[in-house]
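Student: These are the residues of each chain, in order.
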Amino acid sequence: MKFFGFIAVVVVGTLLLVATGDFPGWGNPHSPASEGQVSGFYIEQTVNVTKVPNMVTAVLADFRGYDTMFETVVIFIAGIGIIAVLRTFGDTAGKASDYPEPDEGSDIIVRSTCHLMVPLIQLFALYVVAHGHHSPGGGFQGGVMLGASYILLALACGLPVAKRRMGERKAIVLAATGIIIYAGWGVACLFFGGNFLDYASLDPVLPGDKEMARSHSMLVVEIGVAFTVTAIMFAIYSNLATRGRLEKGL
Amino acid sequence: MIEESYLPLLAWMVSLLAVPAILLMRRSPNVREGTTFVAAFVKFALVLAMLPAVMAGGVLRFSFGEILPGIPLEFRVDGLGMLFALVASSLWILTTLYSVGYMRGLKEHDQTRFFACFAVSISATIGVAFAGNLFTLYLFYEMLSLSTYPLVTHHGDKEARSGGRTYLSHLLGTSVAFVLPAMIYCWVKSGGDMSFTDGGFLAGKIGPGDGLIVLLAFTLGFAKSGLMPFHSWLPNAMVAPTPVSALLHAVAVVKVGVFCILRVFTGVFGIDTLKDLDITTAVTYIAGFTVITSSLIALTQDNLKRRLAFSTIGQLAYIILGVSLLSAHGITGSAMHIAMHAFGKITLFFCAGAIFMATGKKYVSQMVGIGRQMPVTMTAFLLGSLSIIGLPPFGGAWSKWYLFLGALDAGQLMIAAILIISSLLNIAYLLPVAVNALFRQPPGGSDDIAAVGIREAPAACVIPLSITAVAGFILFLFPDLVFDLAQLLISNG
Amino acid sequence: MELLAAGFIEDNIVPKFNYWIYVILMMIGLYAMITKNNLIKKLIGMAVFQTAIILFYVSIGVKEESGIPILGHGQHHEIVEEGKPSGEVITKDEFANPLPHVLMLTAIVVGVSTLGLALAISQRIHGSFGTLEEDEILDQLRPGGHD
Amino acid sequence: MTEHYPVVILMAPLFGALLATLLGRGRQVACWWTALIALGISALFAVGNICAVLASGEGELRYRMGGWHESSGYEVGIELRVDMLAALVVAAVTLVGFVNTIFAKTRVTGEMREKVSFYYALNQLLIVGLCGIVMTNDAFNLYVLIEITSLTSYALIAMGNRRAALSSFNYIIMGTIGASFYLLGVGYLYIKTGTLNIDDIRGVLQSGNLWGHASITIAFILIMLGVWIKMALFPLHGWLPNAYCYAPSAVSSFMAPLMTKVMVYVMLRVMLWLFGSEYVYSSGHVWGELIIWMSIIAIVAGSFLALARTDIKKMLTYLIVAEVGYMVGGAWLVNGAGLAGSMYHIFSDAAMTFCLFLAASIVILRTGDHRLTAFNGLFRRMPLTMIGFTVGALSMIGLPPTCGFFSKWYLISGGIEAGHWAYVAALLFSSLVNAVIFFRIFERAYFGNLKGVADEQFPDDRDSAPPLTLERVPCSMLIPLFLAVMAVLLVGIYNNTLVSWLKAAMPPL
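Chains as they are written, first to last, in the working numbering: chain A, 1 to 250; chain B, 1001 to 1493; chain C, 2001 to 2147; chain D, 3001 to 3509.
By construction, these hints were calculated from the structure, which means they are not laboratory data.
Among the clues, some could well be false.
[Stated by the list, open to error] In silico PhoX-like pairs for lysine-lysine, Cα to Cα no more than 25 angstroms straight-line:
#1 Lys2084(C) to Lys2(A)
#2 Lys1189(B) to Lys3115(D)
#3 Lys163(A) to Lys2036(C)
#4 Lys1205(B) to Lys1189(B)
#5 Lys1107(B) to Lys1275(B)
#6 Lys3115(D) to Lys170(A)
#7 Lys1189(B) to Lys1361(B)
#8 Lys1205(B) to Lys1107(B)
#9 Lys1361(B) to Lys1158(B)
#10 Lys2041(C) to Lys210(A)
#11 Lys1205(B) to Lys1275(B)
#12 Lys1189(B) to Lys1107(B)
#13 Lys3314(D) to Lys163(A)
#14 Lys1189(B) to Lys1362(B)
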């Protein structure tokens, strides 16, 4: 196997290195990818057609919003996939002793720091979600932070504490809701006569003109993304950490 | 003169429609067999109904759908197809009668399955006879292979299983390995046309090199014809109940094989094309070899049905031999031999079954003097043997005569010699059976026979075999119908 | 000879430094995925492998003398509030290409999801086989083993 | 309304999956109905989609997500493109999904227990992914959707027993390598062309005359390698047999017919639309021959490996490996017949594999035996199931009028036209091996010894005729089998129509 692996690596590596000889230099502003029509359009027109200064957010949530929707679905699949694979319902009493009894947040310093940190993290996460239009950020980044805040809680105070705030059922509902928001927003566009995810067609119900409708809609779908990511991040952690028994945390 | 008609379709479908009825009536055997009889008679009547039009030189055609680009499912009734269909459908009636007697007499199991599969097989046979293009031909050819498998393995014991395995592996294997690619090659070469035409649809579209390969692929691929080296399925298929051996392995299945090869010669290539390409010598030699070898093997067989099977292999090779000579007389002889051999050989098989039913004897060596006990059966056996050998006044004489003429026409003296030698061998392996049975004392002495008296098989078995034996004689006196249908092949081709 | 090598490095490796790095990283990952016996090590290889691709894509997006693809407040103001056509305010060379970043956001998400699922599955494997070494697992599955 | 059909096809199962998740455990019947209705809608619209494509003048529908139109000749958004081939594949996917959901009803309760809602959710998301793959016209979006199908199938397979988990892990490793190679190839194309739209990439390759560039060649090799891993082309097939064999039966009966076939579709898509037939076939003299030989090896090896198996499902999975060889070979014969055969075989193989897996699942479920001995005497015990199995098997062997015959017909005629006799011989060889494999089973099923007496014919049958574990086969399993049998026959009988549609979708060679 080692020999076979070595051969494979050498062959593929050589192929890849040969190809690099053909590439435009690193950082060359005149490479097709940098100078091409598509990137030119994104750079020059984004603000015109969407009024969003952060081009990455605009490309993510609007031009390639269809991709991003499936990206969210990927997260969702990972979450429910892990639950489906790992989760053991019911009869686990016999195995619970596999894990050492964790020290459930008996340390007051850790606990207090954590209680102090969590609201700040969450606040910042919300800012990242909401301010994705103007600065680096967006639903994924904010969602991960939100999820991390729950994970921190679980680490510091034990899983039951975190579960009281984000139970399994709640996480699943939240995750599904996120996608429903995203995809539902896309379907709503159909009812206003546009194509799927054509936010401009929602302009009759949103404040501002067509371009602003796009800008607002992006916020909506980013919020949907944040829902899903938050819930799934925590679900992944809690299942992986307890082998799907969701009783004791690390 | 092509005429659109539903008759070919109906004739094909009758026996297929009978299948559900047979299955439904499995609780009441009389109704079940009644259904079979009705279907058999209706089928024969439908085939007869088409006869006048075909005799007048017409062709009945029915096609529907376009299964593959340019290839519909097509029925086409011409002289050759008519001849074959007549033989098969008329003998089905007799075989049905015989099977009723045989199956009930031996109290066989699974009789419903038997009759149902039999009906499907006959449908497939008629389908082959009336097939209008190569694809349709292949479709029904495969249908026949599959539908006869349960019949061959009817007994379900070890012997039947291994026989069935040989049967399917030879028939399916060769058809998939040889016929399928050859057929697709023809399709590609002919530009998507596969309808049998009188001049052959490949005429002028194929060279001698690939022509030879395609021809050999077809000849060997239609292994139902029993041509060596793919002949061994036939002796092994003799494990089947005798009615199956009689109708399918003396008439329907094996004749389908030679019929397909005849079609390839006349409908795919066309006799004239084959003459131009000069590629049939190989087929002639294979067939000639088969004729002699199988006759020699038949001499050594003690099991009567196996002996008859090898005899069949030899007789089928005559037909292929005749057509491969490409002379008018040879082809006429081949076509006639399909019918003549069918009547002769089915008689012999019926007799073998009757002997088995009445006495339980399977081996030739046990049958010495048995004629005292079964005079009618053994007389019929003698008549059938004479017809197969080709002695007047029996139908087989005509076809052999034309085959011989064909060999002379083609200037192939060696082939003529083969025919003569093989006829002598026929005498050597068939006549002793009948003569010993009729004219020699049974080993146990005359008291034994007197004690037993005349004990024939049931009437349902004896009547069909008498009819077919007499039919051999009638065909000598009135060969016109067969001859005319065979002539149609020449006049059109 | 030395000159040749130096020339090769100068022409091929230096301007495409990132691409060379990504290939090396990727091959490390691939080698680990193929040859490692421990399932978790395989997953580490997988993570390296996927990260290498992310590095490659991000390298595509690099453009010399350009900034991140977010409009400054002034530019945004000029276009949105004052209604100047964006062509006058923005030049293409000023900003990097946003597309590779977006694509990689997706690829990262996919990578994380795959990794998470793979970890969950390896936990199940550990739960039912009691080991994460591939050869030991295969030993158990052999007909002779205690399956 | 017609133009939105593709969205409906995708969204119905997506929302169905979300709803199934929300319903949660304990509401199995409701989950089943959700899945059934969602997939029913999807299938209905997929069929409507075929009509819409037929009705449209250009023979293809384009749908721009987000309403983004092209800018100076390049698509800035993501575009869907549905031609006849895509519409048919989508219809096949949704129909198989729908029928399989009927089949799954009784099966999943036993196999998944409390995770039924997750099964339905993941299964529907898998269908979303497959449909998305088929319809998208964006190279990167294709990657995302491939990953959706991969992730769902990893999870679905791992829901089986412990061996399933292990095979799922191997599948993850192989699948990730495959998908990453694809992603890398797309990156190479992007760096050279600056666009991700499949048509635009082809346009730039053509207009910029980039065909000779080493990086494009390597991109092609990478993408092909990735796709081959995903479709399990021999010798990259290692993950497939175990994964499909140990997966829960409701999962394998869906994935076996579709996953590899959709990846074959992706391969055709990459060859003919992403790079263009001109590029792939013109410089193909080097690799074209090589790939056909690879496919020949795949066919022969797959057949042999199948012959050696005594486990029903394992045997069937190796047959899939052989069938993949058919399609890859057909696609590289560089003629219309071969390509049509390859495309047609996507459908015919889907139909017959579906049929065989359904029948095999029923047999395994009823007899509780997963070896070939399960078939002993089954013609008498389970005549209906065996008829279904027989039809599927005859199709695998390639007897008319089943669809397997016609796909062989087109593939062989393609091989003859191209003069590639070894490929023709491999197809015939595989037919013969299939005949041996299946008649071995028929013999057991037909004569099989029910009395438990050792027979010298089948010495390993001492414990034959296992006691039935199920009193009778529920209708919800027989109806799907019946539908699959109909599919095998109908795809066969209407091959002419199907192929003429497919030929219309083919770009000029």
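Student: It remains to establish, for every hint, whether it holds in the given structure.
Tutor: Against the structure, the hints come out as follows:
1. Simply put, Lys2084(C) and Lys2(A) have alpha-carbon atoms about 62 angstroms apart, too far for the 25 angstroms limit, and the pair is violated.
2. Restraint check for Lys1189(B) and Lys3115(D): the C-alpha separation of about 58 angstroms exceeds 25 angstroms, so the hint is violated.
3. Using a Cα cut-off of 25 angstroms, the hinted pair Lys163(A) and Lys2036(C) is violated, with the two alpha carbons roughly 37 angstroms apart.
4. Using a Cα cut-off of 25 angstroms, the hinted pair Lys1205(B) and Lys1189(B) holds, with the two alpha carbons roughly 7 angstroms apart.
5. Taking the CA atoms of Lys1107(B) and Lys1275(B), the gap is near 54 angstroms; set against the 25 angstroms cutoff, the hint is violated.
6. The straight-line distance between the Cα atoms of Lys3115(D) and Lys170(A) is roughly 17 angstroms, inside the 25 angstroms bound, and the hint therefore holds.
7. The hinted pair formed by Lys1189(B) and Lys1361(B) fails the criterion: a straight-line CA distance of about 54 angstroms is larger than 25 angstroms.
8. Our distance criterion of 25 angstroms between C-alpha atoms is broken by Lys1205(B) and Lys1107(B), whose separation comes to about 56 angstroms.
9. A hinted pair counts as satisfied when its Cα atoms are at most 25 angstroms apart, and Lys1361(B) with Lys1158(B) qualifies at roughly 20 angstroms.
10. Note on Lys2041(C) and Lys210(A): the hinted pairing is violated, with a Cα-Cα distance of about 51 angstroms set against a maximum of 25 angstroms.
11. Between Lys1205(B) and Lys1275(B) the CA atoms are separated by roughly 14 angstroms; this keeps the pair inside 25 angstroms, and the hint holds.
12. For a cut-off of 25 angstroms, the pair hint linking Lys1189(B) to Lys1107(B) is broken: about 53 angstroms separates their Cα positions.
13. A C-alpha spacing of about 43 angstroms is found between Lys3314(D) and Lys163(A), which places the hinted pair above 25 angstroms, so the restraint is violated.
14. Pair hint Lys1189(B) plus Lys1362(B) does not hold up; C-alpha atoms about 50 angstroms apart against a cutoff of 25 angstroms.
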